[in-house]
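Each of the two chains sits in its own frame; use the hints to bring them together as a complex.
Chains as they are written, first to last, in the working numbering: chain Z, 1 to 391; chain H, 1001 to 1082.
Just so you know, not all the hints are guaranteed correct.
FRET-style restraints, in silico, Cβ to Cβ [unchecked claim]: (1) H:L1014 <-> Z:Y158: 47 to 53 Å; (2) Z:L108 <-> H:I1027: 50 to 56 Å; (3) Z:A16 <-> H:P1011: 48 to 54 Å; (4) Z:N66 <-> H:V1053: 42 to 48 Å.
Examples of chain Z residues toward chain H, derived with CB under 10 Å [unchecked claim]: (5) V3; (6) R5; (7) L15; (8) Q26; (9) L384.
It is worth saying that the hints were derived from the structure and are not from the lab. Virtual Cβ for every residue (Gly too), placed ideally from N, Cα, C.
What follows is the residue order along each chain.
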Amino acid sequence: MIVRRLIVVALALLLAVQVVRNAAVQALAPLHPESAAKFWKHHPAVEISQGLADIGTASRQRSKINPATFAMIDDAALKSPLSPEPFLVHGVQLQLGGKAEEASRAFLAAQRRDPRSLPAAYFLASYYFRAGAALEGLKQTALLARLSPEGTASVAPYVAAYAQNRANWPQIRELFRTQGDLEDSVLAALARESANTDAILAIADARHRKPDSVWLPMLLDSLVASGDYGRAKAIWTSIGGGHAGNRLIYDSDFSSADAPTPFNWTLASSTVGLAERQSGNRLHVIFYGSEDGALATQLVLLPPGAYNLKAQIVGAPTHAEALQWTLRCDKARDPIATITADQAAKHGWNFLVPANCPAQWLQLSGRSGDVTQQSDVTFAPLTLARGAENG
Amino acid sequence: MDSRARAAVAPAYLFACLVLGGSAQGIWQIMLLQLAGLAIIGWAAWGNGDAPVAPPARQLLWFAALGIFVVLLQLVPLPPGI
Chain Z
1 MIVRRLIVVA LALLLAVQVV RNAAVQALAP LHPESAAKFW KHHPAVEISQ
51 GLADIGTASR QRSKINPATF AMIDDAALKS PLSPEPFLVH GVQLQLGGKA
101 EEASRAFLAA QRRDPRSLPA AYFLASYYFR AGAALEGLKQ TALLARLSPE
151 GTASVAPYVA AYAQNRANWP QIRELFRTQG DLEDSVLAAL ARESANTDAI
201 LAIADARHRK PDSVWLPMLL DSLVASGDYG RAKAIWTSIG GGHAGNRLIY
251 DSDFSSADAP TPFNWTLASS TVGLAERQSG NRLHVIFYGS EDGALATQLV
301 LLPPGAYNLK AQIVGAPTHA EALQWTLRCD KARDPIATIT ADQAAKHGWN
351 FLVPANCPAQ WLQLSGRSGD VTQQSDVTFA PLTLARGAEN G
Chain H
1001 MDSRARAAVA PAYLFACLVL GGSAQGIWQI MLLQLAGLAI IGWAAWGNGD
1051 APVAPPARQL LWFAALGIFV VLLQLVPLPP GI
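One chain only, chain H, in its complex shape (with noise of 0.2 Å):
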């Protein structure tokens, strides 16, 4: 793919977010965007993972993993008193 098309789809994708999501009424518009979001993580799966990640790019993966950190921490269930 071209490398401008592959570097227009994350705010592409953004976009569609703030323009589609937001309310919990669109159910179906979420889906589209849970579905696209599969599909964005997938095609970044599929393609050749040796090439190296650039620096600033890591630092964002740190950020997204800490992120997920988060999420799985609130899902432990705590003790009422606490």
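The shape of chain Z in the complex, shown without the other chains (with noise of 0.2 Å):
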């Protein structure tokens, strides 16, 4: 029985110091592999630090690596034959000697080890894009972005880029099939341009196609800033699924929120004021009165002529005369048309659209007076006719 408990204790100490040991290697040799090298000089995540910054070291200096390093990572490999590292290592000396092929091999079994490993990805991106696998390629590039902070928005141009050839949209469209994340960035990186759309259109499949995608304001507002608002207003209706129907103005009756901007309101809530759809069909609007600015907004494309607007004022409004409607051509500085929202009320507003004016922006605003007064203001659905009418 004695000889059995020491026997036991003798054990247990033992396998308790190489816990010990073990825990400390671990915890020190991704940053201190000369500290840990003292706890256990052959643990394999020693030497695989140890030789990483022995090759980095050599790098920096750009001298010759010790092939005692090489050996010292093979030894490693055989000990900790699950450890990526060794075959990364393998992969970018197979790589330097021109071997690109069994190069690719070593990485992709430093990937298998380790799905999540960074260089592996790095490496194998590169190996596939000079192969001319582009789908490969962008895999690995889509996994790269995916394991880096901020990955995703970092690789998104560049995938961009790539999606603007007409002739790469299929590889696209197969890479979007398993990274939904990506297909967001690089159709919003797209929209920045509105010379992208056709890429736009062709790629983002049906589950990015949708009335709040992240890419349709922006692409509508590339379209209208490049002056192309027939593209912009047909691409708002197919896909932010705005349907104006005959009316000039979209959401006239203040109920429809879902469409996007520019063709839909864009209601204010910010220092200047608070503009909001309310239950009844109604604008409720507060200007605070300190500060001018748009409380409502939108975009609208009307044929040159005369129109007539109604807008009328429901219960018992304050200072409606500090609000004021304004049409203003797009891109000019100077506003067609303006009148109070009071006088509007009263009398309707008529005003004429010129020739060269192919989209208007229609905007209540609210102009501060020496004294500040907030305006409480609610209005009725809005009638936009053509033709001027006596008030």
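Following this line, the structure appears as structure tokens:
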């Protein structure tokens, strides 16, 4: 019994020492391989960290890497066959020796051992792009993006640049089948240029072709900025779900917040004031009176001619005269017509759209006076019709 | 030791494994679990081993032995062709 207990104590103490040494090495090896080596010199984690540090130092000094370093990493590979690092080192060695295909096999072996290995994904992406296997390269790039902090946002512009070429659209579509997050970022990057409209419409799948898609308002803004109003409106209708019918203003009865801007209302919630749709087809506007600014804005496409807007005020408004309706041609500085909200409510608003004005910003804004006064006004549905009327 | 406390050791250790283990980042927690595991094995081996092993415990021991055998089998190096 005593002998057995002595053996138990001796074995337990021996194993406990190994457990503590192993933990110390695991904790120290990644950043302080020399300190870790004091605990367990030939532990594979120490050999790998020490070897990588030596390779890094030699590369920085542009000197030849000591063959003993590679031997140490090979030894670590035998002791720890599931570690990806020795395969990465071996792959880089092969790559430098011009054996690209064998190197890729080593990188794949590293990736099998650690699917979250950033260097493996990087080297494989590089190999596939050089070998002309674009889809595989893109998959590795997407993996790289997912594994890096802020990686998707960093990689998206490069994938977007690749997607601009019509010949690459099939590969991009294939990539997006498995990389939904990357698709959002790539489409958003493409949407910054109106010239990419065809590419976006070709590669965006059904899940990313919705009124609340991130890229949609960006593309609409780009198209409006480039003056392609007709295409912007068509995309807004087909994907944004905006159907104005035969009305000249979308959501003139303040009931539909679903379609995106700019062909729907942009309502303010800022230091200028607050504008919000209310039940019963109302637009409730509060203007704080201390700062000028827009409260409700919409881009409309009115053909040249005379128009009349009826903008009735309901309830008991306060200081409606501080609010004004303006119509301004897109990209022009000055409005083509202006009227205060109380006058428009009383007499209607007649205005003329000139011939060289294909798109107009209809805006309700607040103008502050010498004394700060808060305005609180509720509008009934708007009615915009062609032809002037007598007020 | 009270038999109730003795019966609680294994479940308590399993609970500690669930709470502290499972992450490669938790190096020191894993070390603590390994040391605790060693202490439990040592404590089990310390006591009187003459007591008969109950049939269910014997079956469990066979399963454990099988598990250790599988681990040992995986340590046998095989030619790359296989």
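Results for each hint:
Here the CB-CB span from L1014 (chain H) to Y158 (chain Z) is close to 48 Å, well matched to the stated 47 to 53 Å. Distance hint check for L108 (chain Z) and I1027 (chain H): the Cβ-Cβ separation is about 29 Å, which falls outside the suggested range of 50 to 56 Å. A hinted range of 48 to 54 Å for the beta carbons of A16 (chain Z) and P1011 (chain H) is inconsistent with their spacing of about 23 Å. At roughly 56 Å, the beta-carbon separation of N66 (chain Z) and V1053 (chain H) lies outside the given 42 to 48 Å, and the hint is violated.
The interface hint given for V3 (chain Z) is broken, as the beta carbon of that residue sits about 12 Å from the closest beta carbon of chain H, more than 10 Å. Because the beta carbon of R5 (chain Z) sits about 6 Å from the nearest beta carbon in chain H, less than 10 Å, this interface hint is met. For L15 (chain Z), the interface hint holds, the least distance from its beta-carbon to any beta-carbon of chain H being 5 Å, beneath 10 Å. Taken as an interface hint, Q26 (chain Z) checks out: its beta carbon lies about 5 Å from the nearest beta carbon of chain H, inside 10 Å.
Checking L384 (chain Z) against chain H by beta carbon gives a least distance of about 63 Å; that is not within 10 Å, so the hint is violated.
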